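Number of protein chains: 4
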Amino acid sequence: MKDNAVSSCDINIGIIGYGYWGPNLVRNFAETPGARVAAVSDLDPARLAMVPRRFPTVRTTTDFRALLDDPDIDAIAIATPVHTHFELARAALSADKHVWLEKPMTERCSQARELIALAQQHRRVLLVDHTFIYTGAVAKMHELIRSGELGRIYYYDSIRVNLGLFQRDVSVIADLAVHDFSILDYLLGEHPVAVTSSGTNHFPGTPENLAYVTLFYESGTIAHANVSWLAPVKVRQILVGGSKKMITYDDLEPSEKIKVYDKGVSFVDDPEKIHEMRVGYRTGDMWAPKLAVTEALRVEGEHFVDCIVNHRTPRTDGQLGLRVVELIEAASASMRHKGETVYITHEREIAS
Amino acid sequence: MKDNAVSSCDINIGIIGYGYWGPNLVRNFAETPGARVAAVSDLDPARLAMVPRRFPTVRTTTDFRALLDDPDIDAIAIATPVHTHFELARAALSADKHVWLEKPMTERCSQARELIALAQQHRRVLLVDHTFIYTGAVAKMHELIRSGELGRIYYYDSIRVNLGLFQRDVSVIADLAVHDFSILDYLLGEHPVAVTSSGTNHFPGTPENLAYVTLFYESGTIAHANVSWLAPVKVRQILVGGSKKMITYDDLEPSEKIKVYDKGVSFVDDPEKIHEMRVGYRTGDMWAPKLAVTEALRVEGEHFVDCIVNHRTPRTDGQLGLRVVELIEAASASMRHKGETVYITHEREIAS
Amino acid sequence: MKDNAVSSCDINIGIIGYGYWGPNLVRNFAETPGARVAAVSDLDPARLAMVPRRFPTVRTTTDFRALLDDPDIDAIAIATPVHTHFELARAALSADKHVWLEKPMTERCSQARELIALAQQHRRVLLVDHTFIYTGAVAKMHELIRSGELGRIYYYDSIRVNLGLFQRDVSVIADLAVHDFSILDYLLGEHPVAVTSSGTNHFPGTPENLAYVTLFYESGTIAHANVSWLAPVKVRQILVGGSKKMITYDDLEPSEKIKVYDKGVSFVDDPEKIHEMRVGYRTGDMWAPKLAVTEALRVEGEHFVDCIVNHRTPRTDGQLGLRVVELIEAASASMRHKGETVYITHEREIAS
Amino acid sequence: MKDNAVSSCDINIGIIGYGYWGPNLVRNFAETPGARVAAVSDLDPARLAMVPRRFPTVRTTTDFRALLDDPDIDAIAIATPVHTHFELARAALSADKHVWLEKPMTERCSQARELIALAQQHRRVLLVDHTFIYTGAVAKMHELIRSGELGRIYYYDSIRVNLGLFQRDVSVIADLAVHDFSILDYLLGEHPVAVTSSGTNHFPGTPENLAYVTLFYESGTIAHANVSWLAPVKVRQILVGGSKKMITYDDLEPSEKIKVYDKGVSFVDDPEKIHEMRVGYRTGDMWAPKLAVTEALRVEGEHFVDCIVNHRTPRTDGQLGLRVVELIEAASASMRHKGETVYITHEREIAS
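Residue numbers (UniProt numbering), protein chains in the order written: chain S, 1 to 352; chain H, 1 to 352; chain V, 1 to 352; chain W, 1 to 352.
Hints were generated in silico from the structure; no laboratory data involved. Quantities reported herein were computed from a predicted structural model and do not represent experimental measurements. We treat Cβ as the ideally placed atom computed from N, Cα and C, and that holds for glycine. Hints may be right or wrong, so weigh each one.
What the hints assert, rightly or not - For lysine to aspartate or glutamate, the following EDC-like pairs were computed, each having C-alpha atoms within a straight-line distance of at most 16 Å:
no., chain 1, residue 1, chain 2, residue 2
1, V, Lys290, V, Glu143
2, V, Lys290, H, Asp285
3, H, Lys338, S, Glu218
4, V, Lys259, V, Glu149
5, W, Lys244, W, Asp285
6, S, Lys234, H, Glu143
7, H, Lys244, H, Asp262
8, V, Lys244, V, Asp285
9, H, Lys338, S, Glu340
10, S, Lys290, S, Asp250
11, V, Lys234, S, Glu253
12, H, Lys259, V, Glu256
13, S, Lys290, S, Asp251
14, V, Lys338, W, Glu218
15, V, Lys290, V, Glu256
16, W, Lys259, S, Asp262
17, W, Lys234, H, Glu256
18, S, Lys244, S, Asp262
19, H, Lys290, V, Asp262
20, H, Lys290, H, Glu143
21, W, Lys234, V, Asp250
22, S, Lys290, S, Glu256
23, V, Lys338, W, Glu340
24, S, Lys140, W, Asp285
25, H, Lys259, V, Asp262
26, W, Lys234, V, Asp262
27, S, Lys234, V, Glu253
28, H, Lys234, S, Asp250
29, H, Lys259, H, Asp285
30, S, Lys234, S, Glu253
31, W, Lys290, W, Glu340
32, H, Lys290, H, Glu253
33, H, Lys259, V, Asp285
34, S, Lys140, S, Glu295
35, S, Lys244, S, Glu149
36, S, Lys234, V, Glu256
37, S, Lys290, W, Asp285
Claimed, not checked - Partial selection, computed: residues in chain S whose CB lies under 8 Å from chain H:
no., residue
38, Val58
39, Gly164
40, Gly220
Just chain S, same shape as in the assembly:
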């Protein structure tokens, strides 16, 4: 538990947007050591009225500019619809505030690049809220993959389907596949070279509610995300296949979310056996490692404070946010053209 005495060193945070996600951010920062929620803004007075009942000491305003103008506020967390991300984050960085920005970062890559430049110029922390990166499950997968324990990564296969919630202004790719794009970026440290995607909206005039996205990597890894708002059952399952071991990650399992299989296929390139099947199978134990159980949002909140205090770069910085927006753009473009391959060209480094 955080000490209730407010320290003068606490990072004062203003939160813009008190809709679906905003209350989680307020609760989380209220309980994060080293942070203090100073104020909340929302256009809707009815929503704002809910703040003091739960958080009597937090100020409220319908004008987000009041937060930017407040010299006591160090950081701004933005939890508003995607089409407002760019303007709000730009204004906050320009006002010399650190920024916590909901995913996806922006609508377009050009906007994401401008925010990155602005953050560098003002020497402010810019964290994009890809919460999955801070879960114990993804941390464990990262450890297993980066340590080489899985061997060469053959594929990543994800299913994220359930009934609803249909979004009005973004497709199921920006809503659900966005999680796979950030997880893939973090796990592989490699950016795809090509994307194809198919999808459909079964109701005219609405965004795509079901999509299949395939990502191709130079290393030979192939990744696939099956996302839908129209499934009768909820599934959150990822398979990762490596040359040495394979992983299943079922996010709906209360425990044992991650299972590591000592299974694999080895290719026997023996010219003598040219006419025989040259594939060998290996099957061994399965192992479900204990995972860190701290709530991901808490880990992320403490990481944000640490980045501000110690001048560090967030694990989910603007660069990662930009790469995710690139993939959303590419997958959406492919989907509009019935699965045409979209090539991704860039010289950027991927942080490992």
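Chain S is fixed; fit chains H, V and W onto it per the hints.
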């Protein structure tokens, strides 16, 4: 149980190929009322030697022509590698035999068309062994979809993954997605207008071991098959979403393979509510209907005998076999071109 | 949502005990229409200090008598250790307060009977907090059993096991089997005639941490509860077998907690067939009914308010609470004597 | 594969009883290296007629004495109803044959003791067919428990329930709990000191179809078996809790039957902390070891041959068979007396 006395009316069957699937066919026809296994041929004498131990009255030969030349043999079942299907089936039909042909029917569409024509010309039954069509689960899905109980079909989504068995001469599409192609044909009674597919072979010189296939239908239905020989766990799961109800089909469940969900999304096209979310959700009971439990191969065997005796067209006739080969060809072509859309043009009717 | 304006008709509730369960009661009554949390008492000032942070308008005190003396307080909710239940509830009823009492009601039957008499004498509502009775799952089971849809009830079989939390002063029977005792009472409307129980404490000086309880009913129904704090996995599963249908209830399933099986055994009492097996099997569809999703504690809170306002008897009244204490006493006595049968004699009616 | 040439060293086996289990024994011994099925006897000519169709070289007879009189037959496998076990096994041993006897060994302990003495006297192998002992899963549990990896064993908890098959002449204890009695004997190497059991037959005049058995051990271990022929779902699940680790064994899992949990409870006997909870929890990884996949019956068949050839004592010898019969007798006696404790007194050694 079949009466053990051999009736003079029994259909005498000769089986070509005693490898992986052949023994199942011999056992099955041996127990099918109205059928009798007369002889088995295989190029490998070691395999042939296993026949008399289990089936002492069945003759064996290394020369399949002996079966075609035998006037007492009415029908030939072919369970050999795909590249031999066309030649063997052509020879059998030309010898006035009824033909049971393993799936996929042929390597190329042109070959399938030639076999269909030959069967018509010789007035012989030509059944392609798409066994799934004869399962209680697919029969129940067919009943639910064709009766309109599911409403308009929005999507069909299939996962067929497991570790191995890598095939030497066909890709994972011809091995696993072939099941979805036949099930879709039977369930929807509609042929896709376009196909895209991505896949990869992680071992140079081998067929693709992992593939994603998307099928587009004129009615708006979208279908997807995720197939792989490289997964640590075995999954055989299909989701079918309709405007009224939705189905899950888990083939690995010992009971309750089919679950019907009274869940759905309704689109409210109200111009007054243009700025609100126009989607309504419905959620109700789930229901797992009792399924017929007769082994599919037995159902199929009896159906074959019935088609021969009563001059009927098999549920999985050459036309269905051809349409499946078309989809394999189209998906393979798309896969070779990184997911390029392949359009399917034809004027053929789909049997409903 | 409840109207935030406090109505003069609201039931004012004082809560004694702010340990594990107390905060849930405060939150729940704070959100229950027609109720208002007036004050909280706890012996521990540190716990009390947590109240105003979340509920600034709620008064706090370390002396529970302050709540009893307050004429504005209508009802007292008691969430303290079991050994204090009797004294606190007696004082509250004597002070003319309605009482909400944590389960198990009291340590001994004689105490429960005294509380029932006191509530009658003061014409106050006495509700024992057996929350499971207010879940959608138990409500559905009750409906299915009482309507006769399951036929004659053959058995009830429950497993409630997981790792920890070891209780200091009550055994696993009072902690976990208590749920089955209340559910059985509600579902069957019949009180057992005999109880046997075996159990063990693996750590000397601690209460039993694992127990098996069997209940025998005059109607022939048999019930069994397997409860443990020492299992590596969490299981909350109940089977109910009837002559017409059978139910499984898995409380850990996020959806489809209740499944109804059209399966059964019919006994053919045909003297002609005396030497044959006289049992027939029936197997049909499975059906998972949609369940009410309102949180059980909310349903229970509104029921408490309704009972006070409209002078009704709670579904989980003192009589039910007493019968549960009787079973805890009987099972504990049997367990101390290595499973000796304890007979239950009483003339009381069971509410149906 | 076994060499098909019949060696003169092969053990010739005669099988008495060709009902439910007999055909499995014939198939199994037909494929066991070193064994040869010489003849089968059954009272029912219709059943006997099925033998030559699958096994043309095996002789058949309706008179089991023909098998005992045949000097070429070395061993007799008995797969007949329980009430015939004693007479048939006594006759076979008296005729100097090795004996493979279906479980449960006999109806009464005195009979089992007589068979043990007879086998010793004639220096013949007497194996009781407790097949579970030869599974990869039980072998792995044995290894984990006997190596001390689980620590002190706190409990064994088993559920074996499903719909049917109601037995005519034995109760569900002799049909299903018998498996737990043999597994417990093998795993623990300790015989219970007391047994209590409750059960019921819902159909007058039939054996108990549902029972709960609790076994008490001197070491403090407690074991429980919940067995039923009247459950809507099939469950085969065992939990074993140790002071260091715990195991779940789900026999219906196609893979990962055994899971080992690094979870536990430690008791802190600190007089200073007399008023605090003195129990500590530990939770770590889960691990599913790879299991041997050879069919248990094959392992058991080869073991029988090995015992005969090399004069070894079977893992499931008459002593183990006797101890299992003792537990069936004790549990049945307790069940007839509504759960009264039955004490087991004996001085026999348990093989470890």
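Tell me, in ascending order, the numbers of any earlier hints that this structure violates. 6, 31 and 38
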